[in-house]
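2 protein chains.
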Amino acid sequence: MKKFYLITPGPTPIPPEVAAQSALPIIHHRTHEFGDLFDQVSQGLKYVYQTKNDVFIITASGSGAMESAVANVVNPGDKVIVASGGSFGERWIKINTAFGATVVAVKDELGQPVNVEKIREALKANPDAKAVFCQHTETSTGVVNDLKALGEIVAATPALLVVDAISGLGGEELHMDDWKLDVVVAGSQKGLMVAPGLAFASVSDKAWKVIEACKNHRFYFDYRLIKKSIPNKETPWTPAVTLMQSLRASLGMIKSDGIENVWARHRRLAKATRAGMQGLGLKLFATNPCAVLTSAYLPSSVDGNKLVDWMRDDLGVSVAGGQESLKGKIVRLAHMGYMDQFDILVGLTALETGLKKFGVAVPPGKGVQAAMEAFAAV
Amino acid sequence: MKKFYLITPGPTPIPPEVAAQSALPIIHHRTHEFGDLFDQVSQGLKYVYQTKNDVFIITASGSGAMESAVANVVNPGDKVIVASGGSFGERWIKINTAFGATVVAVKDELGQPVNVEKIREALKANPDAKAVFCQHTETSTGVVNDLKALGEIVAATPALLVVDAISGLGGEELHMDDWKLDVVVAGSQKGLMVAPGLAFASVSDKAWKVIEACKNHRFYFDYRLIKKSIPNKETPWTPAVTLMQSLRASLGMIKSDGIENVWARHRRLAKATRAGMQGLGLKLFATNPCAVLTSAYLPSSVDGNKLVDWMRDDLGVSVAGGQESLKGKIVRLAHMGYMDQFDILVGLTALETGLKKFGVAVPPGKGVQAAMEAFAAV
Numbered sequence: 045m046k047k048f049y050l051i052t053p054g055p056t057p058i059p060p061e062v063a064a065q066s067a068l069p070i071i072h073h074r075t076h077e078f079g080d081l082f083d084q085v086s087q088g089l090k091y092v093y094q095t096k097n098d099v100f101i102i103t104a105s106g107s108g109a110m111e112s113a114v115a116n117v118v119n120p121g122d123k124v125i126v127a128s129g130g131s132f133g134e135r136w137i138k139i140n141t142a143f144g145a146t147v148v149a150v151k152d153e154l155g156q157p158v159n160v161e162k163i164r165e166a167l168k169a170n171p172d173a174k175a176v177f178c179q180h181t182e183t184s185t186g187v188v189n190d191l192k193a194l195g196e197i198v199a200a201t202p203a204l205l206v207v208d209a210i211s212g213l214g215g216e217e218l219h220m221d222d223w224k225l226d227v228v229v230a231g232s233q234k235g236l237m238v239a240p241g242l243a244f245a246s247v248s249d250k251a252w253k254v255i256e257a258c259k260n261h262r263f264y265f266d267y268r269l270i271k272k273s274i275p276n277k278e279t280p281w282t283p284a285v286t287l288m289q290s291l292r293a294s295l296g297m298i299k300s301d302g303i304e305n306v307w308a309r310h311r312r313l314a315k316a317t318r319a320g321m322q323g324l325g326l327k328l329f330a331t332n333p334c335a336v337l338t339s340a341y342l343p344s345s346v347d348g349n350k351l352v353d354w355m356r357d358d359l360g361v362s363v364a365g366g367q368e369s370l371k372g373k374i375v376r377l378a379h380m381g382y383m384d385q386f387d388i389l390v391g392l393t394a395l396e397t398g399l400k401k402f403g404v405a406v407p408p409g410k411g412v413q414a415a416m417e418a419f420a421a422v
Numbered sequence: 045m046k047k048f049y050l051i052t053p054g055p056t057p058i059p060p061e062v063a064a065q066s067a068l069p070i071i072h073h074r075t076h077e078f079g080d081l082f083d084q085v086s087q088g089l090k091y092v093y094q095t096k097n098d099v100f101i102i103t104a105s106g107s108g109a110m111e112s113a114v115a116n117v118v119n120p121g122d123k124v125i126v127a128s129g130g131s132f133g134e135r136w137i138k139i140n141t142a143f144g145a146t147v148v149a150v151k152d153e154l155g156q157p158v159n160v161e162k163i164r165e166a167l168k169a170n171p172d173a174k175a176v177f178c179q180h181t182e183t184s185t186g187v188v189n190d191l192k193a194l195g196e197i198v199a200a201t202p203a204l205l206v207v208d209a210i211s212g213l214g215g216e217e218l219h220m221d222d223w224k225l226d227v228v229v230a231g232s233q234k235g236l237m238v239a240p241g242l243a244f245a246s247v248s249d250k251a252w253k254v255i256e257a258c259k260n261h262r263f264y265f266d267y268r269l270i271k272k273s274i275p276n277k278e279t280p281w282t283p284a285v286t287l288m289q290s291l292r293a294s295l296g297m298i299k300s301d302g303i304e305n306v307w308a309r310h311r312r313l314a315k316a317t318r319a320g321m322q323g324l325g326l327k328l329f330a331t332n333p334c335a336v337l338t339s340a341y342l343p344s345s346v347d348g349n350k351l352v353d354w355m356r357d358d359l360g361v362s363v364a365g366g367q368e369s370l371k372g373k374i375v376r377l378a379h380m381g382y383m384d385q386f387d388i389l390v391g392l393t394a395l396e397t398g399l400k401k402f403g404v405a406v407p408p409g410k411g412v413q414a415a416m417e418a419f420a421a422v
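Residue numbers (the numbering used here), protein chains in the order written: chain A, 45 to 422; chain B, 45 to 422.
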């Protein structure tokens with residue numbers, strides 16, 4: 045017997061009552077029943093996005109949703125600004141480059157949020173920029189960006205603000221409309237507590253004009269076709285129906301808790317996780333840490349890849365290590381979606397056990413003690 | 045209490061033991077466990093495709109897989125030949141047009157298979173054609189095309205043969221390698237008996253050279269990125285893991301039955317369905333009917349849309365009507381995937397009940413009688 049714990053930033057644990065929905069007999073996607081499902085999911089997504097706009101439902105990974113934003117906005121040869129502070133910022137650069145855009149990359153040090161002033165300057169220096177691309181939370185480093193400030197700056201220009209909220213949506217505070225975000229993409233397997241396979245995009249009125257004028261080749265991800273299907277309560281292509289059945293259930297849970305309470309729960313988990321990791325003697329990595337993921341440096345004596353593998357294979361506890369240049373150097377504990385305080389304590393004690401295994405002297409229970417103090421304080 | 049019967053060409057019924065796999069706790073897609081899942085699914089897909097080539101696993105609807113074939117093969121301005129005999133042939137035209145190709149459309153009358161001689165002539169008249177696009181089975185009409193003959197003709201030219209086997213794979217006989225097919229795309233929700241959300245593509249060596257040289261913008265659907273991930277037993281983007289868990293189970297069922305027996309079962313169901321529909325006094329629609337779907341004209345006095353709606357809403361039996369110019373005029377019973385002889389009898393008796401409701405005099409049980417005779421004969 046071995047129990048498994050998923051403390052990773054996507055996939056995230058799926059509530060049993062949500063998972064069970066995916067095992068029910070499938071319904072046909074051109075029926076009244078599907079229309080009801082489509083309606084309920086659409087309403088729930090608007091609520092989580094905090095938007096009055098339609099939220100497009102796409103059958104794809106999050107990366108497909110990212111591509112959809114580029115494919116609908118950027119013509120080959122267009123100039124775009126990408127604010128990149130990690131692997132997912134780099135993904136915006138790769139997709140824009142693949143689609144023939146001229147990319148002005150505004151890079152921040154790993155672990156630092158997007159520098160809002162540098163974006164203001166980049167927009168001044170590049171008044172012809174079609175869009176600014178950024179992350180809500182950069183999953184590879186655990187940083188949250190100041191979308192409200194970025195929204196203000198970009199709204200004053202003709203450019204669009206395109207946000208990857210894949211790891212943030214449903215955990216980290218987000219107000220699409222109030223913050224003047226133009227395109228926001230997300231995925232099902234993070235804060236929305238569903239298996240991967242569904243992706244989402246919502247667009248502002250300002251963005252819609254750009255999308256309608258965009259001449260880029262597109263079909264599967266064409267927002268114009270997706271929007272045309274909405275009055276019929278359907279998607280243009282056969283959607284991942286069983287995942288939508290699950291999503292209806294998880295969106296119901298979020299609505300019933302209230303999105304502000306969901307954000308507050310994530311903040312509380314984040315605060316305790318940070319305290320716990322510091323209690324273990326680790327130095328936090330992100331200077332502007334998000335509510336959905338906590339990252340910390342590992343002692344240089346520890347090979348983080350081996351640590352993460354050992355924790356998964358021997359303890360049954362999956363956490364995330366570092367990616368690319370951070371490979372082996374940091375550890376990341378997710379608290380995204382279907383997570384409560386006990387999951388945090390599992391993560392911290394597993395990390396304590398792992399550190400000890402790899403030769404780091406950790407006083408027993410120090411991480412949990414610090415986390416419990418933090419929980420008591422909020 | 046109401047029971048529901050899905051006798052439609054996608055989604056198709058999902059075996060309970062397959063559906064249950066999607067409700068199990070999700071596994072992380074960057075682990076050994078996922079590597080095993082990836083391996084098992086890949087082997088099973090190669091078997092169903094009857095190919096030695098890799099089969100790419102894509103998180104998308106079947107239309108996404110169709111787009112992937114165009115995106116990886118066709119440069120803007122390239123000339124392509126599309127053999128179209130229904131809605132899905134038209135989809136090849138739309139996607140190619142959206143991607144800037146010059147389309148030579150070789151259209152066949154609805155209900156007729158692709159005219160192999162017309163394709164030979166089109167290739168002679170257009171020696172610069174990059175590819176010929178066609179369907180394995182055209183779901184909108186119930187026709188199966190002679191892929192073996194098309195494969196011979198196209199193989200003798202520099203063009204590629206690109207096949208949409210979305211509704212055919214896993215039901216209708218297919219030998220990708222022996223029949224010299226260059227790109228074959230498919231989806232999870234038809235003969236493979238899984239919910240929608242996964243799509244597949246396999247490419248020949250001849251096609252791979254074209255794909256590597258193709259300059260078209262692509263990222264999410266880029267076969268080069270997908271192929272590069274295969275040695276790591278993973279997909280470049282987070283895949284629909286729970287659907288892959290289900291797919292492993294359904295591919296296991298197909299392997300255990302033997303693909304030749306699966307094809308034979310579909311042929312037997314098709315033969316009985318055709319006999320049953322004729323027993324009901326209906327005239328068959330397709331001149332070269334496929335093994336996965338049977339289509340028939342409705343009496344002109346019957347509004348097919350109303351008939352199909354009534355059968356679904358009152359009897360709980362979902363069958364398909366006609367699409368576009370065939371709307372209201374034909375009825376389609378699917379026998380695709382998880383279907384046995386009793387499903388056929390449900391479909392035929394429901395259709396008999398519906399016809400009677402809409403004023404057609406049908407001798408009770410005539411359809412089933414004819415079907416039972418056909419079952420007895422094979």
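Some hints here could point you the wrong way.
Identical copies look the same in the list; a pair holds intra-copy or inter-copy alike.
In the BS3-like style, the derived pairs of lysine-lysine whose C-alpha atoms are separated by at most 30 Å in a straight line are [to be verified]: (1) Lys-192 x Lys-410; (2) Lys-272 x Lys-151; (3) Lys-259 x Lys-138; (4) Lys-138 x Lys-250; (5) Lys-271 x Lys-46; (6) Lys-224 x Lys-47; (7) Lys-250 x Lys-277; (8) Lys-96 x Lys-327; (9) Lys-327 x Lys-350; (10) Lys-272 x Lys-371; (11) Lys-410 x Lys-271; (12) Lys-123 x Lys-259; (13) Lys-350 x Lys-224; (14) Lys-410 x Lys-259; (15) Lys-259 x Lys-371; (16) Lys-410 x Lys-96; (17) Lys-272 x Lys-90; (18) Lys-350 x Lys-272; (19) Lys-259 x Lys-299.
Rather than coming from a laboratory, the hints here were simulated on the basis of the structure.
Tested hints:
no.: 1; hint: Lys-192 x Lys-410; verdict: neither (37 Å within a copy, 69 Å between copies)
no.: 2; hint: Lys-272 x Lys-151; verdict: between (37 Å within a copy, 27 Å between copies)
no.: 3; hint: Lys-259 x Lys-138; verdict: both (20 Å within a copy, 15 Å between copies)
no.: 4; hint: Lys-138 x Lys-250; verdict: both (25 Å within a copy, 28 Å between copies)
no.: 5; hint: Lys-271 x Lys-46; verdict: neither (46 Å within a copy, 34 Å between copies)
no.: 6; hint: Lys-224 x Lys-47; verdict: neither (44 Å within a copy, 48 Å between copies)
no.: 7; hint: Lys-250 x Lys-277; verdict: within (24 Å within a copy, 42 Å between copies)
no.: 8; hint: Lys-96 x Lys-327; verdict: neither (41 Å within a copy, 50 Å between copies)
no.: 9; hint: Lys-327 x Lys-350; verdict: within (19 Å within a copy, 67 Å between copies)
no.: 10; hint: Lys-272 x Lys-371; verdict: between (44 Å within a copy, 20 Å between copies)
no.: 11; hint: Lys-410 x Lys-271; verdict: neither (53 Å within a copy, 46 Å between copies)
no.: 12; hint: Lys-123 x Lys-259; verdict: both (15 Å within a copy, 20 Å between copies)
no.: 13; hint: Lys-350 x Lys-224; verdict: neither (43 Å within a copy, 46 Å between copies)
no.: 14; hint: Lys-410 x Lys-259; verdict: neither (58 Å within a copy, 56 Å between copies)
no.: 15; hint: Lys-259 x Lys-371; verdict: neither (39 Å within a copy, 32 Å between copies)
no.: 16; hint: Lys-410 x Lys-96; verdict: neither (46 Å within a copy, 55 Å between copies)
no.: 17; hint: Lys-272 x Lys-90; verdict: within (18 Å within a copy, 37 Å between copies)
no.: 18; hint: Lys-350 x Lys-272; verdict: between (50 Å within a copy, 24 Å between copies)
no.: 19; hint: Lys-259 x Lys-299; verdict: neither (38 Å within a copy, 46 Å between copies)
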